[in-house]
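Chemist: Okay, here's what each chain looks like letter by letter:
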Amino acid sequence: AQKVTQAQTEISVVEKEDVTLDCVYETRDTTYYLFWYKQPPSGELVFLIRRNSFDEQNEISGRYSWNFQKSTSSFNFTITASQVVDSAVYFCALSGDSNYQLIWGAGTKLIIKP
Amino acid sequence: EAGVAQSPRYKIIEKRQSVAFWCNPISGHATLYWYQQILGQGPKLLIQFQNNGVVDDSQLPKDRFSAERLKGVDSTLKIQPAKLEDSAVYLCASSLTVGDEQYFGPGTRLTVT
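Chains as they are written, first to last, in the numbering used here: chain G, 5 to 118; chain A, 22 to 134.
Take the hints with a grain of salt, since some may be wrong.
The calculated lysine-lysine pairs, modelled on DSSO-like cross-linking and capped at a C-alpha distance of 30 Å, are [said to hold, decoys possible]:
(1) G:K113 / G:K7
(2) A:K99 / G:K42
(3) G:K113 / A:K65
(4) A:K104 / A:K83
(5) G:K113 / A:K92
(6) A:K32 / G:K113
(7) G:K20 / A:K32
Non-contacting residues of chain A with respect to chain G, defined by C-beta distances greater than 12 Å in every case (computed) [stated by the list, open to error]:
(8) A23
(9) G24
(10) I33
(11) E35
(12) K36
(13) A41
(14) Q80
(15) E89
(16) V110
(17) E122
(18) P127
Simulated from the structure, these hints should not be mistaken for lab results.
Only a predicted model underlies this, so the values are computations on that prediction, with no experimental measurement involved.
All residues carry an ideal CB built from backbone N, CA and C; glycine is no exception.
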C-alpha cells in the first residue's frame with residue numbers, strides 16, 4: 005500500500021527563519037513520483053515540484069529546496085529566509101506506476117509571523 | 022497559458038437539492054480529475070478521466086454523484102440529491118497525461134444547509 009506521512013501538523017516561525025517540512029512515504033512501486041503542493045489561504049493548490057524515484061539529486065529553486073533520500077523514504081522541503089507570503093498549507097504527495105493515483109499527505113500548516 | 026477554470030466559485034444549496042460544477046482544463050491536457058477537499062484534510066479523488074473515458078471512479082458516491090467529459094475537454098460534476106456532508110471544496114485538476122503533475126483550478130466551495 006502507498007502512504008504519505010507529514011508528521012508536522014502545524015509549524016510557526018518568525019519571518020526570515022529557515023524552516024523544513026518533513027515528508028515520509030511508503031510504496032512498493034519501483035518507479036514512483038513525489039510532489040509538493042502549496043495551498044495558500046485563497047484555497048488554490050499550487051504545484052511546486054515533481055521528482056521521480058530515479059533522480060535523487062537535490063533541487064533548489066530560489067528560496068525553496070528539496071532533499072530526496074530513498075534510504076530513509078523521505079522527501080523534505082526547506083524554505084530559506086521565510087517570508088509572510090510563504091504562509092500556507094503544504095502537501096506532499098506520491099504516485100506510483102501501479103496506478104498513478106496521487107496519494108496525499110495530511111498537510112502541514114506553515115505560519116510565518118512578521 | 023490559461024489555467025484550469027472552474028465555476029461557480031461558491032454555491033449554497035439546501036439538502037436534497039441538486040448542484041452542478043463545471044471545469045475547463047488547460048488546453049491539451051488529456052487527463053482531468055475531480056477532487057473533494059473537506060476543511061483541514063487533503064484532497065480526495067472522486068473521478069479521473071483520460072480524454073472522455075473514466076480511468077478511476079472508485080471513490081465516487083455513485084448513488085448521488087455523477088460526472089461526464091463528453092468531448093474530452095470540459096467536464097461537469099453533479100450532485101443529486103445533496104447531503105449536509107457534501108459541504109466541501111470541489112477541485113478540478115488537469116495534467117498532460119496520467120502520472121504527470123496536476124494543475125488545479127480555484128475550486129468551488131459548496132455549502133449544504
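Chemist: Indicate, hint by hint, whether the structure satisfies it.
Modeler: Quick rundown of the hints versus the structure:
1. G:K113 / G:K7: holds (19 Å)
2. A:K99 / G:K42: holds (27 Å)
3. G:K113 / A:K65: Given pair G:K113, A:K65 holds - Cα atoms ~18 Å apart, limit 30 Å.
4. A:K104 / A:K83: holds (14 Å)
5. G:K113 / A:K92: This hinted pair is violated, its Cα atoms lying about 38 Å apart.
6. A:K32 / G:K113: holds (26 Å)
7. G:K20 / A:K32: Violated, at roughly 39 Å.
8. A23: Non-interface label stands for A:A23: nearest chain G Cβ at 14 Å, farther than 12 Å.
9. G24: violated (9 Å)
10. I33: holds (16 Å)
11. E35: holds (23 Å)
12. K36: Given a closest Cβ separation of 23 Å, the condition holds.
13. A41: holds (20 Å)
14. Q80: With a cut-off of 12 Å, A:Q80 comes too close to chain G, as the shortest Cβ separation is near 9 Å.
15. E89: holds (20 Å)
16. V110: violated (6 Å)
17. E122: At about 5 Å from chain G, A:E122 fails to clear the 12 Å cut-off, so the statement is violated.
18. P127: violated (5 Å)
Violated hints, listed in ascending order, are 5, 7, 9, 14, 16, 17 and 18; each of the other numbered hints is respected by the structure.
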